[in-house]
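Given chain A, work out where chain B should sit, using these hints.
Line by line, the protein sequences give chains A and B.
In terms of the working numbering, the first sequence opens at residue 1 and continues consecutively.
In terms of the working numbering, the second sequence opens at residue 1 and continues consecutively.
Keep in mind that the hints were calculated from the coordinates and are not lab data.
Among the hints, a few may not be true.
[To be verified] The calculated EDC-like cross-link candidates involving lysine to aspartate or glutamate, where the alpha carbons are at most 20 Å apart (straight line), are:
hint, chain 1, residue 1, chain 2, residue 2
1, B, K118, A, D258
2, A, K256, B, D112
3, B, K275, B, E294
4, B, K105, A, D258
5, B, K148, A, E9
6, B, K118, A, D207
The structure presented is a predicted model; accordingly, all values stated were derived computationally and were not measured.
Letter by letter, the chains look like this.
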Amino acid sequence: MLLTLIQIEFMKLWRLNAVRISLVVMAIFPLIWAHAPGIIEKYGFYVISAYQVPGLALISSMDFILPFLIAIVSASLLGSESRHGTLPTMLLKPITRSQWLCSKLIVSGLFPFILLAFTLIFALLVAFPFGYGSFVGGTGVLGGDVVGVGEISAGTALFQILRAYMLAALSLVPISCMALLFTVLLGTGVSGALASVAVLIVMYSLDVIPWLERFLLTSHLDIYAQPYLGRLGLSLSSILLSAAVFAVIALLRFEKTDI
Amino acid sequence: MIALKRKSPLNTGNKLKLPSGLKKKTKSESGSDVDTGQLDAGLNYSGSAISVDNVSKRYGLRPVIRDLNIKVKAGEVYALVGPNGSGKTTIIRLMTGLAFPSSGKVNLLGIDPIRDPKVKKHLGAVVEAPAAFYPYMTGRQNLKLHAKLIGNIGKERIAEVLDQVELSNAAERKVGVYSLGMRQRLGLAAAILAKPDILILDEPASGMDPLSLHLVHKVLQDSAKAGAAVFISTHHLDEVAEYCTKVGILEEGRLIDEVNLSQRRDRFRVVVDKKPEALAALKVLPFIKTVISEADSIVIDLASNDDLAKVSTVLSNAGVSILELSPDIFNLRAYYRERMNSNATIQTTNQNTGQNTGQNTSTDSETT
Numbered sequence: 001m002l003l004t005l006i007q008i009e010f011m012k013l014w015r016l017n018a019v020r021i022s023l024v025v026m027a028i029f030p031l032i033w034a035h036a037p038g039i040i041e042k043y044g045f046y047v048i049s050a051y052q053v054p055g056l057a058l059i060s061s062m063d064f065i066l067p068f069l070i071a072i073v074s075a076s077l078l079g080s081e082s083r084h085g086t087l088p089t090m091l092l093k094p095i096t097r098s099q100w101l102c103s104k105l106i107v108s109g110l111f112p113f114i115l116l117a118f119t120l121i122f123a124l125l126v127a128f129p130f131g132y133g134s135f136v137g138g139t140g141v142l143g144g145d146v147v148g149v150g151e152i153s154a155g156t157a158l159f160q161i162l163r164a165y166m167l168a169a170l171s172l173v174p175i176s177c178m179a180l181l182f183t184v185l186l187g188t189g190v191s192g193a194l195a196s197v198a199v200l201i202v203m204y205s206l207d208v209i210p211w212l213e214r215f216l217l218t219s220h221l222d223i224y225a226q227p228y229l230g231r232l233g234l235s236l237s238s239i240l241l242s243a244a245v246f247a248v249i250a251l252l253r254f255e256k257t258d259i
Numbered sequence: 001m002i003a004l005k006r007k008s009p010l011n012t013g014n015k016l017k018l019p020s021g022l023k024k025k026t027k028s029e030s031g032s033d034v035d036t037g038q039l040d041a042g043l044n045y046s047g048s049a050i051s052v053d054n055v056s057k058r059y060g061l062r063p064v065i066r067d068l069n070i071k072v073k074a075g076e077v078y079a080l081v082g083p084n085g086s087g088k089t090t091i092i093r094l095m096t097g098l099a100f101p102s103s104g105k106v107n108l109l110g111i112d113p114i115r116d117p118k119v120k121k122h123l124g125a126v127v128e129a130p131a132a133f134y135p136y137m138t139g140r141q142n143l144k145l146h147a148k149l150i151g152n153i154g155k156e157r158i159a160e161v162l163d164q165v166e167l168s169n170a171a172e173r174k175v176g177v178y179s180l181g182m183r184q185r186l187g188l189a190a191a192i193l194a195k196p197d198i199l200i201l202d203e204p205a206s207g208m209d210p211l212s213l214h215l216v217h218k219v220l221q222d223s224a225k226a227g228a229a230v231f232i233s234t235h236h237l238d239e240v241a242e243y244c245t246k247v248g249i250l251e252e253g254r255l256i257d258e259v260n261l262s263q264r265r266d267r268f269r270v271v272v273d274k275k276p277e278a279l280a281a282l283k284v285l286p287f288i289k290t291v292i293s294e295a296d297s298i299v300i301d302l303a304s305n306d307d308l309a310k311v312s313t314v315l316s317n318a319g320v321s322i323l324e325l326s327p328d329i330f331n332l333r334a335y336y337r338e339r340m341n342s343n344a345t346i347q348t349t350n351q352n353t354g355q356n357t358g359q360n361t362s363t364d365s366e367t368t
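Bound-form chain B, shown alone:
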């Protein structure tokens, strides 16, 4: 059972108040069905806080999203990258219940947000860049309005989120005079207002200066650490590569690749004086998941970073000297460019040979 990890004004303990119709029924002593009113959230969704299953979206005859599958678990940060017009914003609208899928289904915490919008109590989202607010109201007034619609959010929490996005000084100014970056930060403040279990943001870093950019990434990381499932669309590849759990690469509405970055962070590159001996010693270690021999080095995939010290001990005992030991930094930007180019080549080839290019070419890059 996956239970919600943290407490929020809306999520006390591990109980999620379910919308009517989805409440768990249990048998009473007399044998009749009893509506318990509350239920562990984990019983209602199988592992993924955000679940997109075989979703397609067409506008008229034009397919915009094709047979998409995305899962985001609590505590994960999923970044969707892709060129402009690849369908990132449409996916976010489908996820948040603003647009209707032509086929397939979207669930948030196991609940369809279109059928039951009450699940949006657990959702913080910004679906436009810059985030939209009433320009004639101040930043604080706009947040008060959001708080009123969510319910159970006090003035203190509003002040807290304004402080978190460094807008306390501008809180009494009308949003109409806010800069693009300030609006984005206010959007972020509105999204995290209810300490949501799911955070979905469309290009949260758009129009931000480097300092604000750092702030946004910090808020996203903090939210994930606190147990929220975070989903963002972005063009900032270098920044997201630092902390995202997964990156999905989207092109023309198809998820062409999904990279598990959290696993990549446990990879290290070792340069040694005796490579065959080192390979033999490393391959038998239980805490090393993969050993890859490259031209002048060995790449090891550790079960945990804590096991790094053991590697040098084992190699030393085997009479191998370590010349260099460094993290195997994954270059997302280069990988993205390469992936997009290879997909373009495949498409051109298929078009030339008259084959259908509509299939999902998604692969697990861990094996590539």
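Excised from the complex, chain A in its bound form:
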């Protein structure tokens, strides 16, 4: 049954305006980095490889727009049911509330991977004029910035980009779980999205408190650029733990909510 529900949730996902807007927005970043004429004047470097475009697109979107898009899409996934009034209709079927919310959690948790996979493929496609060979410089996502530390092979560059995109998507999963939790608590998608965005903005500001920093979701959003395995492990455990905590609270709360 869970598989059927996941299948249905994916079908609904593509109908969400928030998803369509996210795809358009995430297509803009690679286009800018691949074709904007003023990069040298503003940033002081030239884009010389197709592998730099997805790297730069990721760096420029991870700090701000991507977490917000993920929060809004996740909140919409549950919120659209309230808006259309279909939440009771679905729960009248022989499925448990946990199964139903689990399918939402799984699909919204997979959405960062889908969105970033789309961004990566689109970025590599629009960056074809720069070529896919080895180059002197860096991908921007793992040490050395775009200037790099010498020549980098095509394989290494692609590996760095894939690794960065996977880790970035993973770091966004707790945000999608948090947005679903807020939507469960507040009852509507708009409230859920608003609360999630507000919490993210507050978290960005709270990183000035050193002891609190490691507990903030926003502190782990740069995990994709983390070259040291030790710190990577800590961040990964923190990400997975917070995602699990948000998901469990959402499930427990949803089990006891009057529809």
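Structure of chain B alone, referenced to chain A:
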């Protein structure tokens, strides 16, 4: 034992597949417990397909439903009537497991729908008016989605229910462009998709034109005839009075009255030339349950409508001429108005004398 009366894709024969934990255990030859996996449905609920026992619901400190008891048996149509805000929709949400009772219990086929949602395989319900569907999908696609979640429902059955609610021509249109009445009919189609043993509908006739209204009532009657327990909330008193088995009158979360309409349908009014002789002759007949003498007529309550012919024979033998014999039509609308007014008077009196009005004043109107 009350067994489910009909076959459905989910209910084959008289066996109801029980959710885990509720399966009957029998002793094997070796004496150990054996899980039979299937069990007669009748063994698991005592007569009522829908059973609401002492249910109360509070939102914060505000009581919405107060100590409610409702039973609906297979084949019955129960209509809940009451003013807006009296708690009809809350009761339906409690019955379908969407809301949690503050106290008391709700059982469908003897199973708590919150504890074990698998029992909802046997439930068809619409809890909102108009029924809610995904507006970007067509009517047929929405029903396919419902069928997928219920399981074991083919394309033919979807086409059949669309035809039944006269939506075959609009099946490929997106629900977003459906009228209120069309949505209601699609809701009905979704509810009867699995030929459920229990049908619970919140204001199924809301927003319908007279023709569609007739269609809805026909579907409800057919479902009851096929053995389903039907529960509806409605404001259409005249229509429901024609075929409902029972009507519950709800006010401020309390069931203030319950009228057994099926018994009322066996009542006849006789006007005769010799009333005392007629009364004497009728009172001794075994197939007449009640004889009520009124100012200018006699009201008789027959055990069955088939016995009507015998009445004229008996009266004729007693030398009584029948001047008029007609069904004693129960005016639900008038009764409802009267009941609501009398309840309002009782409440005002109690408030003036400082008495508690929280008690259930439900009575069996058969004796009134």
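Provide an ascending list of the numbers of those earlier hints which the structure does not satisfy. 6
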